[in-house]
Amino acid sequence: MSGSTLEWDASCSTNGREDSPSLSRVRVGAVSYLNSKPLIEGLGNSLREDQLVLDVPSRLADELSVGKLDVALIPSVEYFSRSDYKIISDACIATRGPVLSVKLYSRVPLGDIRTLALDEGSRTSVALTRVMLQERYGVIPELIRLPLSATTKDAKTDAVLLIGDRAIHPPQEQFVETWDLGEEWVNWTGLPFVFAMWVARKDVPESPLAQLLEQSRNRGMKNLQQIATREAKPLGISEETAYNYLKDNLHFQFGSAEWNGLQLFRELVGQLEENPVLSQTKAKH
6 MSGSTLEWDA SCSTNGREDS PSLSRVRVGA VSYLNSKPLI EGLGNSLRED
56 QLVLDVPSRL ADELSVGKLD VALIPSVEYF SRSDYKIISD ACIATRGPVL
106 SVKLYSRVPL GDIRTLALDE GSRTSVALTR VMLQERYGVI PELIRLPLSA
156 TTKDAKTDAV LLIGDRAIHP PQEQFVETWD LGEEWVNWTG LPFVFAMWVA
206 RKDVPESPLA QLLEQSRNRG MKNLQQIATR EAKPLGISEE TAYNYLKDNL
256 HFQFGSAEWN GLQLFRELVG QLEENPVLSQ TKAKH
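Under the numbering used here, the first residue of the sequence shown is numbered 6, with each subsequent residue one higher.
Simulated from the structure, these hints should not be mistaken for laboratory data.
C-beta atoms are modelled at their ideal positions from N, C-alpha and C, and glycine is treated no differently.
Warning: the hint list may mix true and false statements.
To be verified - Cross-link-like lysine-lysine pairs, in silico, DSSO-like; alpha carbons within 27 Å at most:
id: 1; residue 1: Lys238; residue 2: Lys227
id: 2; residue 1: Lys207; residue 2: Lys73
id: 3; residue 1: Lys252; residue 2: Lys238
id: 4; residue 1: Lys91; residue 2: Lys238
id: 5; residue 1: Lys207; residue 2: Lys227
id: 6; residue 1: Lys158; residue 2: Lys238
id: 7; residue 1: Lys227; residue 2: Lys252
Stated by the list, open to error - Quick list of the computed label-pair ranges, beta carbon to beta carbon:
id: 8; residue 1: Arg30; residue 2: Gln177; range: 40 to 50 Å
id: 9; residue 1: Asp117; residue 2: Asp208; range: 42 to 52 Å
id: 10; residue 1: Gln276; residue 2: Glu182; range: 17 to 27 Å
id: 11; residue 1: Lys207; residue 2: Ser29; range: 39 to 49 Å
id: 12; residue 1: Lys207; residue 2: Glu140; range: 45 to 55 Å
Please model the entire structure based on the sequences and the hints provided.
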């Protein structure tokens, strides 16, 4: 990872990391999408290369659950069912309006959706889509997994959920309706939506890691333009699009409103017919 050395006390500095067992042995998982870049700006300077894993949210959640990671930026829905997890930072990925990178594309009116292809990258977005369709339209569609390498044209379903970097690129085909899930949630509830947050197992010491994560976030928020310039070209988007996305569509700090939104989402997820993490999604071959 690029960025300047983080400023914190000497016992937790990069040079002294081997003297700090809680930091030298910790394994951290971060999301590989553009939306997480402000949260991990400079993080690699304070961790060894083998301590920092970049992957899609759902895989990070799986690795945290089996002990391969100590701390991870995981989908918020993964936190709900685990009593052995704790939130260790006020850094998060949230939105207070249109999010741009979580979209539902439907070939039929939303109330007529019977089959839904789900981006396998994040289970929070899957749960949010199910909540919104069930609460607003009474729709409980059949769920089909959409592999990360697939496109909307590969999905022969009524609707398709896309998340992350590939959702920023509009699909080539035309759809009857398009939902920006962040915008729809905020308009419906009046509350922000939290997509992901830093979670650790309860046996992992919070300090100095919590401080490290918050300082990385603060550094990233100050360097949004630099991040946009660095990341835009590999994603095939303009620097302006990347910068506006990070600045206007995302929010990176837990506040009382974010917490209230998270609590409401937890209640609504609990009312679903089945746990969205364990839903009977079928691989599409």
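To see whether the hints hold, each was checked on the structure:
1. Lys238 - Lys227: holds, 20 Å
2. Lys207 - Lys73: Since the Cα atoms of lysine 207 and lysine 73 sit roughly 15 Å apart, the hinted pair holds (cutoff 27 Å).
3. Lys252 - Lys238: holds, 18 Å
4. Lys91 - Lys238: Violated, at roughly 36 Å.
5. Lys207 - Lys227: violated, 31 Å
6. Lys158 - Lys238: This hinted pair holds, its Cα atoms lying about 25 Å apart.
7. Lys227 - Lys252: Distance of about 10 Å is within 27 Å: holds.
8. Arg30 - Gln177: 40 to 50 Å: For arginine 30 and glutamine 177 the Cβ distance comes to about 47 Å; the hint holds.
9. Asp117 - Asp208: 42 to 52 Å: Since the Cβ atoms of aspartate 117 and aspartate 208 sit about 48 Å apart, the hinted range of 42 to 52 Å holds.
10. Gln276 - Glu182: 17 to 27 Å: holds, 24 Å
11. Lys207 - Ser29: 39 to 49 Å: violated, 20 Å
12. Lys207 - Glu140: 45 to 55 Å: Roughly 32 Å apart at Cβ, these two residues miss the hinted range, so it is violated.
Going through the hint list in order, the structure does not satisfy hints 4, 5, 11, 12.
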